[in-house]
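Could you use the hints to bring the two separately framed chains together as a complex?
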Amino acid sequence: MMQRIKKMSDTNLLLTITIVVFILMYLCAVIFLGEGFRKPQAFLNQFNNNAYLIIIACGLSLVMITGGIDISVGGVIGLVSMTCAVNLDLKGGNIVTSMLIALGIGLAFGLVQGFLVAYLDIQPFIVTLAGMFFARGLTTIVHTNPINVKNSDFVKLRTTDVVIPGLGAENKRGVYIDATIEIGVVIALIIVLALFFMLRWSKTGRNFYAVGGNQQSALMLGINVRRTKFLSYVMCGLLAGIAGYVYFMHVGSGSPSHAQGAEMNAIASSIIGGTMLTGGVGNIIGTLFGVLSLSTIKDIVTSSGYDDPWWTGITVAAMLCIFLVIQSVIMAKKHAQGASDKKEKQAAPASS
Amino acid sequence: MKKILKKLAGNQIFIPCASLILLALFNLIADPSFFKITLGHNSNGDPVLNGYLITILDYGSELAILAIGMTLVTAATGGQDISVGAGIAIAGSVILRVLCGSDPRPTQLQTSLIVAFLVAIFVSMAFSAFNGILVAYFKIQPMVATLILFTAGRSIAAWINQNKLPIVSAECDKTFGYWGNYIPGIPIPTPVFIAAVSILIIMLLLKFTNLRLYTQSVGINPKSSRLNGLNPELIKVIAFVILGVCVAICGLIKVSRLQTINYSVVAKDIEMDAILAVALGGNALSGGKFNMWGSILGAYVIQFLTTTLYKLNIKSEALPAYKAIVVILLVVASAPVVREKVSKLFKKTAKTDSKSEGGAAA
Numbered sequence: 001m002m003q004r005i006k007k008m009s010d011t012n013l014l015l016t017i018t019i020v021v022f023i024l025m026y027l028c029a030v031i032f033l034g035e036g037f038r039k040p041q042a043f044l045n046q047f048n049n050n051a052y053l054i055i056i057a058c059g060l061s062l063v064m065i066t067g068g069i070d071i072s073v074g075g076v077i078g079l080v081s082m083t084c085a086v087n088l089d090l091k092g093g094n095i096v097t098s099m100l101i102a103l104g105i106g107l108a109f110g111l112v113q114g115f116l117v118a119y120l121d122i123q124p125f126i127v128t129l130a131g132m133f134f135a136r137g138l139t140t141i142v143h144t145n146p147i148n149v150k151n152s153d154f155v156k157l158r159t160t161d162v163v164i165p166g167l168g169a170e171n172k173r174g175v176y177i178d179a180t181i182e183i184g185v186v187i188a189l190i191i192v193l194a195l196f197f198m199l200r201w202s203k204t205g206r207n208f209y210a211v212g213g214n215q216q217s218a219l220m221l222g223i224n225v226r227r228t229k230f231l232s233y234v235m236c237g238l239l240a241g242i243a244g245y246v247y248f249m250h251v252g253s254g255s256p257s258h259a260q261g262a263e264m265n266a267i268a269s270s271i272i273g274g275t276m277l278t279g280g281v282g283n284i285i286g287t288l289f290g291v292l293s294l295s296t297i298k299d300i301v302t303s304s305g306y307d308d309p310w311w312t313g314i315t316v317a318a319m320l321c322i323f324l325v326i327q328s329v330i331m332a333k334k335h336a337q338g339a340s341d342k343k344e345k346q347a348a349p350a351s352s
Numbered sequence: 001m002k003k004i005l006k007k008l009a010g011n012q013i014f015i016p017c018a019s020l021i022l023l024a025l026f027n028l029i030a031d032p033s034f035f036k037i038t039l040g041h042n043s044n045g046d047p048v049l050n051g052y053l054i055t056i057l058d059y060g061s062e063l064a065i066l067a068i069g070m071t072l073v074t075a076a077t078g079g080q081d082i083s084v085g086a087g088i089a090i091a092g093s094v095i096l097r098v099l100c101g102s103d104p105r106p107t108q109l110q111t112s113l114i115v116a117f118l119v120a121i122f123v124s125m126a127f128s129a130f131n132g133i134l135v136a137y138f139k140i141q142p143m144v145a146t147l148i149l150f151t152a153g154r155s156i157a158a159w160i161n162q163n164k165l166p167i168v169s170a171e172c173d174k175t176f177g178y179w180g181n182y183i184p185g186i187p188i189p190t191p192v193f194i195a196a197v198s199i200l201i202i203m204l205l206l207k208f209t210n211l212r213l214y215t216q217s218v219g220i221n222p223k224s225s226r227l228n229g230l231n232p233e234l235i236k237v238i239a240f241v242i243l244g245v246c247v248a249i250c251g252l253i254k255v256s257r258l259q260t261i262n263y264s265v266v267a268k269d270i271e272m273d274a275i276l277a278v279a280l281g282g283n284a285l286s287g288g289k290f291n292m293w294g295s296i297l298g299a300y301v302i303q304f305l306t307t308t309l310y311k312l313n314i315k316s317e318a319l320p321a322y323k324a325i326v327v328i329l330l331v332v333a334s335a336p337v338v339r340e341k342v343s344k345l346f347k348k349t350a351k352t353d354s355k356s357e358g359g360a361a362a
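So the protein lines, in turn, are chains C and H.
Heads up: the first sequence begins at 1 in our numbering, then just goes up one per residue.
Heads up: the second sequence begins at 1 in our numbering, then just goes up one per residue.
Among the hints, erroneous ones may be present.
[Said to hold, decoys possible] Pair ranges (Cβ atoms, derived):
id, chain 1, residue 1, chain 2, residue 2, range
1, H, Tyr310, C, Asn148, 27 to 35 Å
2, H, Arg339, C, Val30, 32 to 40 Å
3, H, Lys344, C, Val329, 28 to 36 Å
4, H, Glu317, C, Val329, 38 to 46 Å
5, C, Val163, H, Asp103, 28 to 36 Å
6, C, Leu107, H, Tyr310, 41 to 49 Å
7, C, Lys91, H, Ala30, 31 to 39 Å
8, C, Arg227, H, Leu329, 19 to 27 Å
9, C, Ile330, H, Asn163, 36 to 44 Å
10, C, Thr204, H, Lys223, 50 to 58 Å
11, H, Phe208, C, Met25, 26 to 34 Å
12, H, Leu258, C, Gly261, 23 to 31 Å
[Stated by the list, open to error] Straight-line C-alpha distance at most 25 Å; calculated BS3-like pairs for lysine-lysine:
id, chain 1, residue 1, chain 2, residue 2
13, C, Lys333, H, Lys223
14, H, Lys139, C, Lys333
15, H, Lys164, C, Lys298
16, H, Lys207, H, Lys139
17, C, Lys334, H, Lys347
18, C, Lys334, H, Lys289
19, C, Lys298, C, Lys39
20, H, Lys315, C, Lys91
21, H, Lys289, H, Lys223
22, C, Lys150, C, Lys91
Source of the hints: derived by calculation from the structure; they are not laboratory data.
Quick caveat, the model's predicted, so the values are computed rather than measured.
Just so you know, even glycine gets a beta-carbon here, dropped at the ideal spot from N, CA and C.
Bound conformation, chain H alone (with noise of 0.2 Å):
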């Protein structure tokens, strides 16, 4: 029993599963109904599923899109790209800007959605691929690099629609809303489709290539693996340009949803949610080693997480002290010292223990 538990604890999903059923059990406990899913209609007469479970589907799968991408750039880089947020504050604004041209009401679309979504992937691989050079060719830290995207990522949303605010509206486009919200016919929304496409796709890249091997190889030890013929600076601009697409298409899902883009507070804090997803999956923040499944599962705990903290009437711009709280715990348990003092702490439990059975047996 003890070695099962042990086994248990020892796994890596642990963390997420654990920190789940926890969630799950305070909801159960403060309220039932949160459990409860009811067929509805959307304002179109389209038949959709309601209920915060759908809600914690829907928004944490653009979660889990994103924490694909971060764990690529954690394993590789040991660091964490803060400019997930300005980056699709910038790959939705050129969506729309593709679309709408310099109109920002128009009556109909300049070009087909699949030209601005690939000219979004392309623009979101460039600014990525500019990250991944300065820290991979320039040797700075990832999260001072990415710092630079972080504060000029926003203005540079603004400029590129000119500080407009282009709207697609359903008169316009119909189906352009389909991507956020639900294709009609499907109950269930259509990021959380997205989702399964990109973890089904990163899958098999991880199985087939050699992608999670040269990846944790250079996040473990850069030296070595170039020592043996890898290119460790290649690898981590990879890295960061698989990430680029994952923000690119967050970006699509994020301006699909209101079919308008507002700079400053679209995908708001993301890149907390997106580190603390990697955390929570349990892989160290330092690199190496990655587990995909861990972060992805992460996403959804976050996420869950988050819709707790609103049923409870949070505003939402209390929100991250809250979660802030929670990643310090998790980092904070997760710490090699923390966790030796605790192990030798179980350690001297347990020696008593024997030692106390030992003198009742004698």
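With the rest of the complex left out, here is chain C (with noise of 0.2 Å):
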């Protein structure tokens, strides 16, 4: 057992505690909380209100696998549904065109970030913390106060829900309602599934992880290290974009108090997950675990009586040091124990 855990490569082990935790934590809530968390629903629901969380872990897997960090997401999430609502409600413009300002937006703040990541050679987070204070200051110049979208197509889009066959369940009064999923979650999925693939077998992928394990040796390997780094930022940020919009349409209306503080979650989510800070290790299925993992724990955290507002943030804190240690103290073993590996091996020879 220790020797096929030895054997493992870092990603992989990392994903395998993740599931394990998961798992154990779900099953533990099933067990002892009962009722709320056995209907699939229930389960579904976790998808339904991170859905947005999904895709800016994803993005921010991405980048956190090249080696570096984006802070920007939360604050480009803000100003994408503020600056939506505002498109939608007071301009008058239709899904399209705020559809395509998201995407602008994202893309925009990936651009200018990578460059000035890859390019110039400064402090990622640096320019992510201004990125998340420039991003957050504009919603408030966008408007000031919160606006509920009632144009009628985004409200028909945003309310249309996808139904799963057989997972429906008769309620108190039984009536059979459909288990439903919204819209925003088929597309996180769809892009966990494509940066999966991405990330295992394109060329592109395999680049991202040789950046983050050791820049210097894929430059020796001719990787455009630039705009490898400069990639994974665009990417990020147009993933900001997109997890703007499914947020939008989870909320339905614009604030500048919108998705406070979910950099802190989608970069905890990205830990729990397996992604090293260190870059060169992570995976995507790993990061989907991570944020159901921290959902999870959030409910367990509220149904079981603790629902003053600050235990949530207490918790995801503390699951977050946890695993930062975790991470920390395997690493430290296997390169312990790699290096006594070759001690060993380099002795052996001599004393024969």
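Structure (structure tokens):
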């Protein structure tokens, strides 16, 4: 068993930990907290409420795999939802223009931040911290007060649900209710699959890991390091734009306080999902499970009676802290073991 | 002449001084009344100085105190602490909790302010040490490690007081408000004095202990400082703990100013300003050598910028957007890649200049 763990690549080891933790947690919730967690719809609601988080966490995973970080995503979501709300409600735009605006904002943030980080070698944290403040400030400049969108096309789009056959349940009055997911969830899952395949089998995807693992040797192998980094930020920005629209469809309004702290949740889910902050290690499927774990633990905390507003913040931070420490300890052990293995190998021929 | 200019431009203090002069000139042209200082009376009838410059000195002092700690952390670890705002909320909450007990509207304080302040310093140091341990012993990047407290900090602050908002009214204790406002009879705001004392202490520390040498050597190369007999981990934690003390002092000023606290708003976005002050002071954000005076001056320049923006009738929620632009311009200007390109450009023009001069002479 130990042998097998030792042989596992870093990515798979961390992925396994995440999935095991999630399944254990959900089982515990089903057994001890009962009812609320047992219905299929409850499980699907985890997706409905967190579709946007899945998308930005995927974007963050990409950036973190290349060894960077992007904390502007929450601000971009707020900006996108506010701008789209203004466009639809006050400026008489339609759904297509609002979607284009969302993508445009995300792309613009990605391009600028990617250029500053990849081509001017500025610390990603500083750049994206400025990006976050810029987006938050710009949101209030666009419009100060919350807007509820009443555009009929948009309301129709936002209330359209996808029915999943066979998972419905009867409610207390005996009426059968279909199990549904929102359109945003479908988008999120498509993105997860696409990124999973890209990272695993495409050349660009492999380049991401190479650059994050060791920049110097990636350069030696003839990989365009700067372009790869740039690409990761552009993709993250674009995903943040899409996530902004998904979030906008979920809540149906624009407000300066939207998605406050979303970047934090996204980073936490990504780390819980087994993406290493040092780069080169990570998996999109893990990120998906990271998001689900995070939302499950939040639900567990609130449904076991700790429903004061501060408990969720503290739990998320505690969970992030635990996983960071686990990562750090595992990596230190692995490297120590690797070093001692090497020493043994070197020592063996000398002694014989 | 050229040499003097070059020497000036090479000095670390050059950037903050230049931006200060630029801002001052802008205000002078836009509205000279910006620099007017008048002697007025506050609601208690005590003489106080009024004017934008006094506001800058007043609020810049908080930032200067934070910048001291942030400079040390930046120098030692090559990263920044983004939990200072949350830390101020915690420290302020602790002070009010100890002073008021469980009663949000006390008629009499439970203990003296000194005790409450010492408890707050202790708590703040403990949280900072937690950050420091994550950074130094678990080798987590400083900004990510402090992200934990950045999220949880305000929640913890609310939890300490069970989400109540205690108010120390003037009837209950008069002296509590002195620390963030004015001491009767002295027309200069108290935070200025607190900042002066803090600066004096840190300068003495830097002068008479090995703090400066050790933090710089750890920041430049932790491995070789270890080989020279230093303990890099311990020094990183010490830098964080000093920042913790600075955060507690700021917390005291913040709660004393309003005599109450609002957990989600107090010291909002201050981490950005503190980092900006360090960067503006000409210190490398990647660690190593530092210039304390640069950071302190940087803090006042940032406050100058904030006050100028306020004066232009910009809403406080929109401020971050403008500051973010300034940050980006600053880091772009100080990026090595850009500097190299610019210096190359200068050389080229200098060459063509000398060529044309030579041609004219011939």
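Numbers of unmet hints, in rising order: 2, 3, 5, 6, 10, 11, 16, 17 and 18
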